[in-house]
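Visitor: Sequences and hints are given; from them, build the entire structure.
The chain contents come next:
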Amino acid sequence: MPITTTRRRLLAGSVATLALPALVRAQSAAKPRLTVISQWSAGSDGAAITALGKKFEEKGGVWQHSPVPGFTTEMMNKLRAQIMAGDPPACSQLKGPEIAAWSKIAPTVDLDALVAAAGYEKVVAPDLAKLHKPGGKWIALPLQIYSTNMLFLSKRAMDKAKADKIPVTWADFNDLAEKMKAGGVAYPIANGGTRPDDGQKFEAALAGISPLAYRAAIMNLEKKALEGPEVKAAFAQVRKIADWMDPNVGAQHFSTNLKRFIDGDMGMMIMGGWAQGVLRNAGFKFEDFIIAPGPSDNSKPVFLLNADAFIFWQRKEPDLQAGQTLMAQLVMDPAIQTMYSQITGSIPVRTDVDLSGEGWSDGQRRTGAALKEAIASNQAVLSLAHNMAQENGMTAAMIDVITEYVKNKTIKPEQAVARLAEAVEGAR
Amino acid sequence: MTNAAAMKPDRPALPEWVRRLPECLMIWVPLLLSAAHLVSFSLWTIWISFTPSTLVPVTGWVGLRNYTAVAASRNWQIAFDNLLLFGSAFVLLSAATGLILAILLDQRIRGENVLRSVFLYPLAVSFVVTGTVWSWLLNPGLGIQKLVHDLGWTSFKFDWLIDRDMAIWTIVIAAIWQSSGFAMALFLAGLRSVDADIIKAAQIDGAGPIRMYRRIILPSLWPITITVVVIQLQFAISTFDLVRALTNGGPGIATQLPALVVYDLMFQRSLLGRGAAAAVLMLLILLAVLLPYAAWRYLQRRRASHA
Amino acid sequence: MRERTFAPSRVLIYLIVLLIAAAWLAPLAVVVLNSLRTNEEIAQASMIGWPKQWAWGNYAAAWSGFCVAETCAGIRPYMLNSALVTIPAMVFSTLLGAVAGYAVSLWRFRGDTWIYAIVTLGLFLPQQMRLLPWTIVLRDIGLINTLAGLVLIHTIQGLSFTTLFCRNYYVAIPHELIRAARIDGAGFFRIFWRIILPLSPPILIVTVIWQFTHIWNEFLYGVTFTSGQQQPVTAALIALSAAVADIPQHGVQSAAVIIAALPTLLIYVLGGRYFVRGLTAGAVK
Chain A
1 MPITTTRRRL LAGSVATLAL PALVRAQSAA KPRLTVISQW SAGSDGAAIT ALGKKFEEKG
61 GVWQHSPVPG FTTEMMNKLR AQIMAGDPPA CSQLKGPEIA AWSKIAPTVD LDALVAAAGY
121 EKVVAPDLAK LHKPGGKWIA LPLQIYSTNM LFLSKRAMDK AKADKIPVTW ADFNDLAEKM
181 KAGGVAYPIA NGGTRPDDGQ KFEAALAGIS PLAYRAAIMN LEKKALEGPE VKAAFAQVRK
241 IADWMDPNVG AQHFSTNLKR FIDGDMGMMI MGGWAQGVLR NAGFKFEDFI IAPGPSDNSK
301 PVFLLNADAF IFWQRKEPDL QAGQTLMAQL VMDPAIQTMY SQITGSIPVR TDVDLSGEGW
361 SDGQRRTGAA LKEAIASNQA VLSLAHNMAQ ENGMTAAMID VITEYVKNKT IKPEQAVARL
421 AEAVEGAR
Chain B
429 MTNAAAMKPD RPALPEWVRR LPECLMIWVP LLLSAAHLVS FSLWTIWISF TPSTLVPVTG
489 WVGLRNYTAV AASRNWQIAF DNLLLFGSAF VLLSAATGLI LAILLDQRIR GENVLRSVFL
549 YPLAVSFVVT GTVWSWLLNP GLGIQKLVHD LGWTSFKFDW LIDRDMAIWT IVIAAIWQSS
609 GFAMALFLAG LRSVDADIIK AAQIDGAGPI RMYRRIILPS LWPITITVVV IQLQFAISTF
669 DLVRALTNGG PGIATQLPAL VVYDLMFQRS LLGRGAAAAV LMLLILLAVL LPYAAWRYLQ
729 RRRASHA
Chain C
736 MRERTFAPSR VLIYLIVLLI AAAWLAPLAV VVLNSLRTNE EIAQASMIGW PKQWAWGNYA
796 AAWSGFCVAE TCAGIRPYML NSALVTIPAM VFSTLLGAVA GYAVSLWRFR GDTWIYAIVT
856 LGLFLPQQMR LLPWTIVLRD IGLINTLAGL VLIHTIQGLS FTTLFCRNYY VAIPHELIRA
916 ARIDGAGFFR IFWRIILPLS PPILIVTVIW QFTHIWNEFL YGVTFTSGQQ QPVTAALIAL
976 SAAVADIPQH GVQSAAVIIA ALPTLLIYVL GGRYFVRGLT AGAVK
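Heads up: the protein sequence lines correspond to chains A, B and C, in order.
Everything in the first sequence is counted per this note's numbering, starting at 1 for the first residue and increasing by one.
Everything in the second sequence is counted per this note's numbering, starting at 429 for the first residue and increasing by one.
Everything in the third sequence is counted per this note's numbering, starting at 736 for the first residue and increasing by one.
Each hint can be trusted.
Result set (DSSO-like, lysine-lysine): computed pairs, CA atoms no more than 30 Å apart in a straight line:
no., chain 1, residue 1, chain 2, residue 2
1, C, Lys787, A, Lys155
2, B, Lys585, A, Lys181
3, A, Lys285, C, Lys787
4, A, Lys232, A, Lys165
5, A, Lys259, A, Lys179
6, B, Lys585, A, Lys179
7, B, Lys574, A, Lys179
8, A, Lys232, A, Lys179
9, B, Lys574, A, Lys155
To give an idea of the interface, some chain C residues facing chain A are shown, with a C-beta separation under 10 Å as derived from the structure:
no., residue
10, Gln779
11, Ser781
12, Met782
13, Val803
14, Gly963
15, Gln966
Honestly, the hints are just simulated from the structure, not real lab data.
What you are looking at is a predicted structure, and each value in this text was computed from that prediction instead of being measured.
Ideal Cβ placement from N, Cα and C applies to all residues, glycine included.
Guide: Written out as structure tokens, the structure reads:
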């Protein structure tokens, strides 16, 4: 295996040489150097990017990472300032449709030859690939994937409900929640109350009810779909979820509830795959909870994609160009993606990485399997709550409606449908 | 300045402007830089508010479209109402709290130094920290309500943070906690500078403490009250980090404030033009409040110079 | 009010004061307790609680241990960065504000009311609005990603407050004093140096305290206009809490919050007395 890999890489290298004479000449002349801006600074995110930097240095590069702690907005402020100053980083964190939007304000690097050399396109989910090649050329590379609609079940709450079947459809889910309630689980749902958290409840509901309607309404913003019965049904489902939640959660992070979730005081959580890393870091045991794909009414897994990525900004310096080539190769490398995902709890972008081996958790394996199945049945869709489906302005306008609906029980589902359509019109 | 120069006839005959150059530089350069940045930044923002800018500033002209979009949005409408409520409630209550604290501290109590530090220390803490800690204390499941329940009074209810009609008051609480120390310091300073002779005279006339405060001391605090109100108003209008950490505009969008909307539009939603329009609207609100104050000051000064 | 009254009302006053003081201290108590609990303990229990075991290690981790991406040096280097920005900006804005306030209040020159009005209006200009214009200015003068750029921003923005407060303080200085000095032939700087500055400590303490805490606690400009190793302490504090996909490190963060707040707390506790005295001396007109 190592030998074939090497040979394939050599081949890839020669293809790259033919396609990118300038880049490669630069590479031979200068020691690769990379300036990077990301918001990853603490916890497993910080550990993962640090490990990536170490690999970059092992390959002889100079790694200059400038983390911008805080919200994504602050990272973008920093990026904007650098671009306006005519000094963009060689590479920066950016995701979803923002890649297309930002690529219009500063020149980016054409990565087509490198992507072709690595054979990356065939192993990336098609909807995801599209986001990273606005205008037809690859300018950004996805690094890791999370599903935002994983279902976490508390074993103790399951015991209280005397249930052992993992819910597959929303009907099953509602059923289990009722049983939990009857069995003495104080709050069947353990989610938090931040804006993305509220958004996730809605997207999980709609995509689970109908991935087709999700695609039409949320990803393509078709007016008919936005006002359609599926969206209304999704809002009705969100109301149920909200009613099963602890009203005291306010705007707290979901991790506030982890203890009660593990204790069986709360039953289920619809959360991204990252929650298992959070549970692990908080010192809870894997035996105490179950991870499964989120409810899907047609019984085939629906995967709400959330992917982190790097965008590459054009630089004239030969050492930075050499650094970009090296970084692109590293990001697409299965070994690097494995390392990265094993630190953060995500799954690799490459669908050809084998997750059965050591170092992968049960949850990651299930997530990986769900992704493959979802791609096969065209049920891998882009997350709204985590800025994958729409640009930030549109996303925020839609989340406004959703979060207000979650927090205000006097709003009827049909009113929410009308408001959502209105918000979309207003933000277009 | 001309007078000052004229009074020094024995100086060697350097041209006057050369002699006065250093002082002119020291006076004018900082003041002009400061004024220039304020004027040009404001004009720049006004210009941007008429352009179709999104991620970065661009040229172009969209007329009043950004303004109508902002004014029509629910976020702005809620933010505007909240600012009126939050602004007036916070300014009044924090001034009142500051005044009460100052009066209490002025009673020659022991440990005044320690107590004063206790009331002042929140000013030293960053808004993000204040917002985060109060989001725990005010959360019914984590903070005060839970504490009281654990003590046995289980029907006690204090859930403003999750009540969309009352949530804005949680920001008032946290903001009062953070900034009424400053009002206290100002008022305490005012109380301490009331003429001791007047107080003595009133005491001889047999005025009780309450009467003394109402008739003599409080009226003399009037100018300070204006300063307090201006400073707190500035605080109210620019409140941003505090809300972001405490409610982040929630529950839902019930605690939006203009500063939050401006930042959100400009940087989170990447709608620079609209964000600039919101900022300009915010400045107009501010002018509507400040102009009457400026007019009042002007009249007062004129009356003083005529007297 | 200023004589000793009889006991019951005194008791009531003490009771009220102590109750309010307790309420004022509650948030601090929460942070101090959290700074002594492990991250896991907080995650497994609640944000508010009594430490099960005293995690003094949080302070060591906060001071020099925890990592912000590749840099595992705690908040120590960031404290230094903040000091390098805060102290010069505080000194410059205070001194320049004192000169400007003195000029506006005691020298009167053509256009002084106008420029003074504009400068003080700067107090009300939200800083979110100034972020992009500052980006352009710093780019054009080549100070982006330098601490000098931040010092410049905070000096110029700080002038609004320092000029306002110094001017209001100097207005109360009797004009005769200045007139006499002028007759003796003293010029602008001599009068400032010999007469005004010796009278100024109370108000300078007010502006120093105000500027120091505001610049020290500033975050938005601090992360936008610096790079990597130059970031201010507020950035390091946020790094411990912001990740959506991670467990908030409340224990270490609380310890870091306390260490980071020490300079500003200290300045308030030590300066509080002068703060009130400075304002008493006539700053509030």
